[in-house]
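Spelled out, the chains give:
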Amino acid sequence: MLASSWDDWWRVLSLRDYNTRVVVLAASVLGLSSGWVGSMMLLRRRALLGDAISHATTPGIAGVFLILTLLGYGDAAKSPLWLLLGATGTGLLGVLVLLALGRFTRLKEDTSLGIVLSVFFGAGVALLSLCQEFPGAAGLDSFIFGKTASMGRADAQWIVGVSALVLAVLILLRKELTLLCFDDTFAGSNGFPVIALDLALMGLVIAVCIVGLQAVGIVLMIALLVIPPASARFWTDDIRKMTWLAATFGAVAGLIGAILSGIYSKLPSGATIVLVCSSCFAVSLLFGTRRGWVGRLLRRLSLRRSVARQHLLRAMFEAQEGHADDLVRFEELMDARSWSVGNLRRTLARAIASQWIIDRQGGYQLTPRGMVEAERMTREHRLWELYLMTQADVAPARVDRQADRIEHVLEPELVARLRQMLDEVDSPMPINPHAPSKDDVIQKQASEDLD
Amino acid sequence: MFWSWPLDGWIIVVGVLCGVSSTLLGTFLMLRRMSLLGDAISHAVLPGIALAFLWTGSRSSLPMFLGAVIVGVLTAFFTEWVRRVGRVDEGASMGVVFTTLFALGLLLLVGAADQIDLDVDCVLMGNIEMTPLDRIAVGSLWVPRSALTLGGVTLINLLFVMIFFKELKLFCFDPALASATGFSASLLHYVMMIMVAVTAVASFEAVGSVLVVAMLIVPAATASLLTTRLSHLLVVGCIIAALTAVIGHLGVIAIPPQLGLKSAKTAGGMAIAAGLLFSLAVFFAPHEGLIPRFVRQRRLSQQIMLDDVLAFLFRLREAGDASAVSISRVSDQLMIPELRIRRSIAQLLADGLVEEIGEAIRLTGMGSKRATDLVRSHRLWETYLSDHAGIAPERLHDKAEKLEHFTDPGMRKRLDQQTAASIDPHGRPIPDEAGGERD
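Heads up: the protein sequence lines correspond to chains E and Z, in order. In terms of this note's numbering, the first sequence is residues 17 to 467. In terms of this note's numbering, the second sequence is residues 147 to 585.
Be a bit skeptical, because a hint or two may be false.
Claimed, not checked - Only pairs whose alpha carbons sit at most 25 Å apart, straight line, appear in this in silico DSS-like list of lysine-lysine: (1) K257(E) - K191(E); (2) K515(Z) - K548(Z); (3) K124(E) - K312(Z); (4) K315(Z) - K124(E).
As the list claims (entries may be wrong) - What follows is a list of derived Cβ distance ranges for each label pair: (5) R230(Z) - V425(E): 24 to 30 Å; (6) R190(E) - R291(Z): 55 to 61 Å; (7) L313(E) - P321(Z): 26 to 32 Å.
Calculated directly from the structure, the hints in this document are not laboratory data. A virtual CB, placed ideally from N, CA and C, is assigned to each residue, including glycine.
Take these sequences, add in the hints, and give me the full structure.
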C-alpha cells in the first residue's frame with residue numbers, strides 16, 4: 017500500500033509538481049508561524065487556548081453561510097473571505113467570553129475553556145447541520161476537518177499572507193509580549209496595557225488558527241500550536257531561542273510531513289505533520305539539553321557521584337588525622353559513614369581512577385592532589401559546623417548531619433565569609449568538634465542511626 | 147412542530163441519561179481542575195476504535211468499545227506521565243497527547259478505510275436522532291440499545307459516587323490528607339479516569355463527543371454558580387443536565403421550522419441549551435450572579451452615602467455651625483455630584499430622617515438618633531483602634547469610616563466596654579447611645 021519508487025521521491029523532493037510546491041510551502045509557513053505564536057501561549061500557560069479558539073470559529077463559518085444564503089446571497093456565501101470573517105467574529109467572541117468568565121466568575125480557567133469550547137462547537141455543529149440542505153455547503157466541512165492535500169494556490173496565499181502579518185506583529189511587540197508572558201502584574205504596574213496585549217496575542221492565535229483550520233483541521237491545528245513550543249522548551253530557557261526553535265520545529269515538521277504525504281499518497285498530510293511533530297517532541301522529552309529526561313538523569317547521577325567522592329575524601333582525611341602514617345584501611349572507611357560495602361568500593365574505584373587516591377598495600381593513601389581537595393572539603397565542613405554551633409546554636413551532636421548536606425554547595429565566597437565571621441583566619445584547619453571524647457562518637461553514631 | 151413520543155421521547159431519555167451520567171463525574175473533574183480531560187479523551191479514542199477494527203475485522207461494538215476505553219484511559223495516563231517526566235504544564239501535556247493519538251487514529255483509519263468507511267464526523271457529531279431506531283426487547287417493551295447502555299452507565303456512576311462520596315470529597319479538596327488517611331488517592335484517580343472513559347465512549351457512541359464534552363463540564367459549572375456544597379452541587383448539576391437535554395431537543399425541533407429550515411442536530415442543540423442555562427446562571431444566580439451582585443453593590447453604596455450625609459449634618463450641628471444646611475454645600479463637602487446627592491436626600495426625606503426648610507435640610511429627631519449612632523460608632527472605633535490595635539493616628543479616620551456602617555448596637559456596647567473613654571483620639575466627645583430601636 018505504501019510502496020513508492022525512487023521516481024516518487026525524486027518527483028516530490030525536487031518540487032517539480034506545482035501542487036507539491038504549494039502544499040509544502042504552505043505547511044512549512046503555517047508550522048513556522050504557529051510555532052512562534054504557540055510558544056507565547058505556552059509561556060503564558062494557556063497552551064490549550066488554541067483548542068478553544070479553533071472550536072469557537074466553527075459557528076462563525078456555518079452562521080455566515082446560513083445568513084448569506086437565507087438572505088439570498090448564495091454566491092457570496094461560498095467566498096472564503098466572508099467565511100473567514102465569520103470565523104474571526106465568533107473566535108473573538110469566544111476569547112472575550114473566556115476573559116469575561118475569568119474576570120467575573122470564580123470558575124477555574126480549565127472550566128471556562130471547556131465551556132467555551134463545547135458550547136461554541138455545539139452551536140457550530142447545529143448550524144452546520146442546518147446548512148446541509150443548501151447546495152454549496154459541502155465545502156464547509158473542509159473548514160473544520162481540513163483538506164491539506166488539495167490545498168490550492170489561494171489557500172497558500174492566505175496562509176503566507178496572514179503568517180507574514182502575524183510574524184510582523186510578533187516581532188514588533190516582542191518586548192511587550194515577553195513581559196506579558198513572564199510577569200503580567202509587573203507589566204500592568206509599569207503601564208503596559210495588559211488586557212489589550214492579551215487580546216492582541218489571542219487575536220494572533222485566532223488569525224493563525226483560521227488560516228490553518230482549512231489547511232489541517234481543528235485537532236491538527238491545536239497540535240501545531242502546542243507541540244513545537246512544548247518540544248522547544250526542553251532545549252533552552254532563553255525565550256528568544258525558544259521561539260526560534262519552536263518556529264523551526266513547526267516549519268520542519270510541516271515540510272517533512274507534507275513531503276512524506278506527497279510521496280506516499282495514502283498518508284493524510286495533516287496527521288503526518290502532527291506525527292512528525294510528536295516524534296520531535298518525544299526526542300526532545302528524552303534528549304533535550306536543558307530539561308530533557310536523560311540529561312536530568314545524568315546530571316543527578318554526576319551530582320550524586322561528586323557528593324560521594326567528597327564524602328570519601330573527607331573520611332580519608334579525618335581517618336589519617338588520627339594516625340601516625342597516612343595509610344587508611346578499608347574497615348576504617350566503612351566505619352566513618354553509613355555506606356554499603358558496594359557503594360564504598362565503587363566510590364573508591366572511581367576516586368583511584370581519577371587519581372585522588374592511591375591503592376597501596378594494606379590501605380589507601382591520598383595523592384597530593386587528593387590531599388589538597390580533602391583538606392579543603394574538611395575545612396568547609398568544619399567551618400559550617402562551627403558556624404552552626406556558635407551562630408545558630410545547634411547542638412554539637414547534630415551539626416555533622418546538617419553540615420554534611422550543605423558542604424557540597426558552599427561557594428568559595430561563602431567560605432571566606434564564614435572564616436571571617438569565625439575568626440579562623442590564623443589556623444588553617446578548625447578542630448573536629450566530634451573528635452575529643454569517645455562519648456561524642458557514640459552519640460554521633462546514635463544520632464545518625466536515628467536519622 | 148412535529149412531535150412523536152416513540153421517537154422524541156426516547157431521544158430525550160437518552161440525552162438525559164447522557165447528561166446525568168456525565169455530570170456525576172464532571173463535577174469531580176471540575177473540582178480537580180481537569181475539565182478538559184473529557185475533550186482530550188473524546189478526541190483520543192480514535193486509534194482505539196481503529197485498532198479494534200483492524201484487529202477483529204468487524205464493526206461489532208464490544209471490541210471497539212473496549213479499544214476506545216483503553217485508549218481513553220491511556221490518554222489520562224500519558225498526560226500525567228508527560229507532565230511529570232517532562233515537567234510540562236498540564237494543558238500542554240494534554241494537548242500533545244490527545245492530538246498525537248488523534249493523528250495516529252487518522253493514520254490507522256487509512257489502513258482500515260480500504261475495507262470500510264468509518265465515519266469520523268459521526269464519532270465527533272454523533273447521531274442521537276438515530277438512537278430510537280436501534281432497539282432491543284426488554285420484556286414486552288422495545289428499548290433503544292443506547293438507552294440501555296447509558297442507563298447502566300448512569301447507574302454505575304451513581305453507585306460509585308454514593309459509595310465513595312466521602313473519599314471523593316477528600317480526594318477533591320485535600321489529596322494529601324486523602325493519602326495520609328490511608329486510601330490511595332492515585333488509585334481513586336485512575337478508577338475515576340476509567341469511569342470517565344467508559345462514560346465518554348458509551349455516550350458518544352450514542353450522542354457524539356460534542357455533547358459528552360459539553361455535558362461533562364457545563365452543567366457542573368452552572369451548578370457551581372448556584373451552590374457550593376458538594377452534595378447539592380451533584381444534585382443541582384444533574385437536574386440542570388436533564389433540563390439541558392429537554393430544552394435542547396425541544397429547541398431543535400421547534401426553532402428551525404420557524405425559519406423555514408429542517409431540524410438541526412440534536413447534539414448541537416443540547417450543547418447550545420447547556421450554554422444558555424449557564425449564561426442565565428452567570429447573570430442571575432442569586433449569590434454569584436452578575437446582576438444580583440451589581441444590585442447588592444449599588445444598594446450598599448447608596449446606604450453608605452445616606453449614612454455619610456446624616457453623619458455630616460450631625461458633625462456640622464455639633465460644631466455649632468448651622469442646623470440647616472444647603473444641598474449644594476452637602477454636595478461640595480462630601481464631593482458627591484449634586485444630582486446623586488439630591489436623589490439620596492429625596493430618599494432621606496421619604497424615610498423622615500431629614501426635613502426640608504426651603505433649599506436647606508435639617509436632621510429630624512429620628513435622623514438625629516441615627517446620626518448619633520453613626521458618629522458614636524465612628525469615634526468608638528477610632529478610640530478602640532488607637533488603644534488596642536496600635537493603628538497610626540493619621541490612618542484611624544479611614545478605617546473607622548469603613549467600619550461605622552457595619553456596627554450594630556451590640557458591637558457598640560462591646561466597644562464601649564473595651565475602651566471606656568468619653569473622648570476620641572482626635573479630642574472630640576463620643577456621643578452617648580441615642581437609645582430606642584433603630585429602624
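Here is what the structure says about each hint:
1. K257(E) - K191(E): The hint holds at about 14 Å.
2. K515(Z) - K548(Z): Cα-Cα ~20 Å, so holds.
3. K124(E) - K312(Z): holds (23 Å)
4. K315(Z) - K124(E): holds (18 Å)
5. R230(Z) - V425(E): 24 to 30 Å: holds (25 Å)
6. R190(E) - R291(Z): 55 to 61 Å: holds (57 Å)
7. L313(E) - P321(Z): 26 to 32 Å: Since the Cβ atoms of L313(E) and P321(Z) sit about 27 Å apart, the hinted range of 26 to 32 Å holds.
Checked against the numbered hints above, the structure breaks none of them.
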